[in-house]
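Taken in order, these protein sequences are the chains called D and B.
For the first sequence, the numbering used here assigns the number 56 to the initial residue and increments by one for each residue that follows.
For the second sequence, the numbering used here assigns the number -11 to the initial residue and increments by one for each residue that follows.
Just to be clear, a hint being listed does not mean it is correct.
Said to hold, decoys possible - So the derived list for chain D, only partly shown, Cβ under 8 Å to chain B, looks like this:
hint, residue
1, Q97
2, L101
3, F145
4, L153
5, F155
Hints in this document: simulated from the structure, not taken from any laboratory.
Cβ atoms here follow ideal geometry from the backbone N, Cα and C, with glycine treated the same way.
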Amino acid sequence: AQSVTQLDSQVPVFEEAPVELRCNYSSSVSVYLFWYVQYPNQGLQLLLKYLSGSTLVKGINGFEAEFNKSQTSFHLRKPSVHISDTAEYFCAVGGNKLVFGAGTILRVKS
Amino acid sequence: DAGVTQSPTHLIKTRGQQVTLRCSPKSGHDTVSWYQQALGQGPQFIFQYYEEEERQRGNFPDRFSGHQFPNYSSELNVNALLLGDSALYLCASSSHREEAFFGQGTRLTVV
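Chain D with its partners taken away, still in its complex shape (with noise of 0.2 Å):
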């Protein structure tokens, strides 16, 4: 079985400050590893996704992503975060059936 945990419901954020978002995931098989970003009203656009080879992926947006597979963990970066940022950020495990995390809200602040 797959799982992912999404460790904060909220992050707020000043403008152009970093941001972490956290994901821990569990899989009992070859780990695909997703982030996807949903404005209000909307559905869910790819941000960026770890299939193999380097852990460091790097995404739309200015964002990135390792993967650790010692700590199964998938935690979301950005160095500088702007206003459009905010929005729900979802991580998600899986290949042809996603299992997502609860999401994050992230609020960016002026």
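Once you've looked at the hints, dock chain B against the given chain D.
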């Protein structure tokens, strides 16, 4: 490329009624998955269709059923609607070459 398109965008139904939601996959994708996202929660996998067959199913009752057509589009049907079925229903399409792309979703409200 229009990406994944879902219709309708919003829907209000009464308890006990039946509803059909529709999804057209991204060009080149042959696999369609459906997810239910209740308010304040992450999406939950309902089922997946490939080659017009249900390939995988999540923990949802038989009231939830689906279909995939030869052009790879798909429908999600929910019978005997309950208040708890109110949610955003997301369709995702994929292929063996490309990961899942999501549509904008259908917001279903059951009253």
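The hints, checked one at a time:
| no. | hint | in the structure |
| --- | --- | --- |
| 1 | Q97 | holds, 6 Å |
| 2 | L101 | holds, 7 Å |
| 3 | F145 | holds, 5 Å |
| 4 | L153 | holds, 7 Å |
| 5 | F155 | holds, 4 Å |
Against the hints set out earlier in the document, no violation occurs for any number.
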